[in-house]
Amino acid sequence: MSVSRDDFVIAIRSAFLKKQTKQKFSLLSLISISIIIIILSSQNFKIVSFIKAGINEVIYRGSLIISFPEKTLSQLNDKIKYHFNVHSRATLLEDEITQFKSKEVSLQIIEFENQKLKQQLDDYLVSKDLIYAKIIIDNNSPYLKSFIINKGSRDGIKVGMVVLDQKYLVGKVIEVNFNSSRVLLLSDINSNIPISISPNNLQAIASGTGSDYAKVNYLKKIHYDKISNESLVYTSGTGGLIKSGIPIGKVIDFKNDDLNEIKIQFFSDFSQLQYVSVASFDRVTQSNDDEQQEEGTWKEGIMFKGPSAVQLNERLEALIQEKEINDEIREKIETENTQLKDQLSVIQRKLFQTERKITEQESIINSHNIDKEEFEFLKLNLEFGEKCAKKNLLVKGYKVGTPEYRKCVLRRGIK
Amino acid sequence: MTQLGRNTIFSNFLKIIPITLLFFSVFNEFDANYFGIPYLSFNFAYILIFYCTLKAIDYFGYGLIFLAGLVNDTVVGLPLGLSSFCYMLICIFSSYLRSITLRPRMIKDWIFFLITVSVTNSIYYLVLSFYFVIELDYRFLLVNNFTTFLLFFFFYSIFNIYYIKFLGRSDV
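Protein chains in written order, with this note's numbering: chain A, 6 to 420; chain B, 18 to 189.
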C-alpha cells in the first residue's frame, strides 16, 4: 500500500471524480448534494419542511411494510414468553387488584379535592380530547429513542404535545407530518422534563440517558437525604406545557452517596408500547368561570342570571360523583363495622373462656401450694416435734396438733 | 433458450440481493441489538457499502446508496442528508483503497475499514453534536465502531463465499 505523493493524488482524484464502471453519479457530486441537503434540513424553510414531511410520510409507510416480518417475529416471541408466564402473572395481578381496589376509593376523593384546590390556585390544566394513536415504527435505536405514531397534523397533533401510556408519561411529540408524527421518548438523551419527587415535593429535571432509565438533574445534594428508593416521580408542571402530577416512574438503586446519580425507572415499558394517547392541556382559570357566572345566559330573549345550564350540569355531575364516592365509603365503613363487631364478640367470648381457665388453674396452684406447706411441716415435725411437744409440767412446750405447736415446729425449721 | 432466460433472471436476482439487503437494513433500522445488551450494536450498512463498493459489485450504485442514506435518516430521525454523507464518505475510502490496491488482501481491507468507520463515525458525531446540537452518547458510537470492525471480518468472508460460489466471480 506504499504509494508516492503523485499516486496518492491520482487515487484521491480518481475516488472523488471518476465515475466507476456502471456508476451514473460521481462521489463528489453526491457529497455536494448531501451537504446541501444537510444545510437545508437545518434551516426552517417552509418549503423544505413541506417536502421533508412528504418524504417522511412515504418512507414511514414503506418502513411499516418492510419491517412487518421482523415485527411479527418479535411479537410472536413476546406472546410465547407471555403465555408461559401467564399463571404466575395472574396470581400476582389478583393480589395487586385487591390492594388497588381498596386504594381506589380514597384516591378518587383525593383527586377530586386536588382538582378543586388547583382550580382555586388558578393552576388547573385539563386535557382536551385525547387522541389515540398506534405506534407504526419502533425500532428501538441505540442512538435516538423515538417512535412513529400513525396520527399527524390532520388529526390535530402539534409539536410539544404530551404522549401518554394509559396515565403514565412516555414522551412528547417532536415532529409532525400529515399522517404521522415522531415522539421523543423520556429515555432519550435529549429529553428533559421538569419533575417533582415525592414525598418532599423536590423540584428537579429528569434527563434521559439513552438506556431504559432516566437520571435526576439540577437537584442540590443537600436534598439527597430526603430521597429514598421507591420515591415517586411525577411531572411538576413547571413551564406550563405539561400538566403537573402525571406519573413518570420511581427512584431505584439509590444510595445517599455524592458519587451516585439518582436513577428513575419508568412506570411504562417503552419496548412494549403498541398504542398511546396524545394530549395537550388547557389552563382553566377561576376568573373566567366567575365572569361567565356574572354575565349569565340569554335564553328565549330572557336574561338568566347566575351560572349557565352547562355549568350547572357540570357541577351536578361533580356532586353526583362526590355522592357516589361518599356512598361507597359509607358502605365500606358499614361493612367494616359489622365485621369488627363480629370480631369483637368472638374476642370477648374467647376472653371469658380464658379467664375461667385462669381461675381454675390458680385454684389448682393454690391447693398444690397448701400440700407443699403441709409436706414441709411434716418433714420438720419429724425432726423438731419432740422439742415443741409438751411432755410434762417442767418442760415448756405445746400440745400436739395446736396452732402454737405448728408455729413452733416451723420456727425451729427456719432456724 | 428458456433455460438461459431463467438463468439470467436468477443471476440478476442474485445480483440485486446486496442492494435489497441495504434497503431492508435501513428501512428496518437494523442494528442487530435484539438481545437488549446495553451499548451492543453494529452498523450493517457500513459493512455492506464498504464491501460492495470495494469489490465494485453490480447494481450497487452510488445513487442508490445515497438514497438509502436518506431513507435511514428519515427512519432513525436524524437530520436529512447526514447518513447519505456518511455513506458517501465510506464510498470514497473504499474507492481510494481500490485505486491503490494491486493485490487485495483481507487483513489490509479489514484494517482500512477500521480507519474508514472511525473517521466516518467521528464526522457523524461532530456534525450531530456541534452543527445540530443533538446530544449523543459517544460510548454507543465507540462500541458500535468496534463491533462493526470486528464483524466486518465475518461478513467479508460470507460475502466472498456468496460471490465466488453463487455468482462465479473470482476477482473479489
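Think of the hints as simulated: they come from the structure by calculation, not from any bench.
Take the hints with a grain of salt, since some may be wrong.
Some, not all, of what chain B presents toward chain A, calculated at C-beta under 8 Å [what the hints assert, rightly or not]: (1) 34; (2) 41; (3) 92; (4) 96; (5) 97; (6) 102; (7) 117; (8) 154; (9) 155; (10) 166; (11) 167; (12) 168; (13) 171; (14) 173.
Covered stretches of chain B (in silico footprint by chain A; criterion: 3 or more residues with CB under 8 Å from a CB of chain A, positions within the stretch not fixed) [what the hints assert, rightly or not]: (15) 77-88; (16) 142-151.
Using N, Cα and C, we set each Cβ at its ideal position, and we do this for glycine too.
The hints, checked one at a time:
Residue-level restraint check for residue 34/B is violated (minimum Cβ-Cβ distance to chain A is 15 Å; threshold 8 Å). Interface restraint check: residue 41/B against chain A, minimum CB-CB distance 6 Å, threshold 8 Å, status holds. For residue 92/B, the interface hint holds, the least distance from its beta-carbon to any beta-carbon of chain A being 5 Å, beneath 8 Å. Given the 8 Å rule on beta carbons, the hint for residue 96/B holds: about 5 Å separates it from the nearest Cβ of chain A.
At about 4 Å, the closest approach between the beta carbon of residue 97/B and any beta carbon in chain A falls short of 8 Å, and the interface hint on this residue holds. For the restraint placing residue 102/B at the interface with chain A, the shortest Cβ-Cβ distance is roughly 4 Å, inside the 8 Å limit, so the hint holds. Taken as an interface hint, residue 117/B checks out: its beta carbon lies about 5 Å from the nearest beta carbon of chain A, inside 8 Å. Against a cut-off of 8 Å between C-beta atoms, the interface hint on residue 154/B holds, since the closest Cβ of chain A lies about 5 Å away.
This hint is violated: residue 155/B has a C-beta 11 Å from the nearest C-beta of chain A, more than the 8 Å allowed. Residue-level restraint check for residue 166/B is violated (minimum Cβ-Cβ distance to chain A is 16 Å; threshold 8 Å). Because the smallest distance between the Cβ of residue 167/B and any Cβ of chain A comes to about 16 Å, over 8 Å, the interface hint for this residue is violated. Interface hint status for residue 168/B: violated, as the beta-carbon distance to the closest one in chain A is roughly 15 Å, over 8 Å.
Violation of the interface hint for residue 171/B is found here, the shortest Cβ-Cβ separation to chain A being roughly 20 Å, above the 8 Å cut-off. The closest approach between the C-beta of residue 173/B and any C-beta of chain A is roughly 17 Å, which is over the 8 Å cut-off, so the hint fails. Here's how the segment 77-88 of chain B fares: 7 of its residues keep a CB closer than 8 Å to some CB of chain A, so the rule of at least three is met and the hint holds. Coverage of the segment 142-151 of chain B by chain A holds. Counting CB-CB distances below 8 Å, 4 residues qualify, and the rule asks for three or more.
In terms of the numbered hints stated before, the structure departs from hints 1, 9, 10, 11, 12, 13, 14, listed from lowest to highest.
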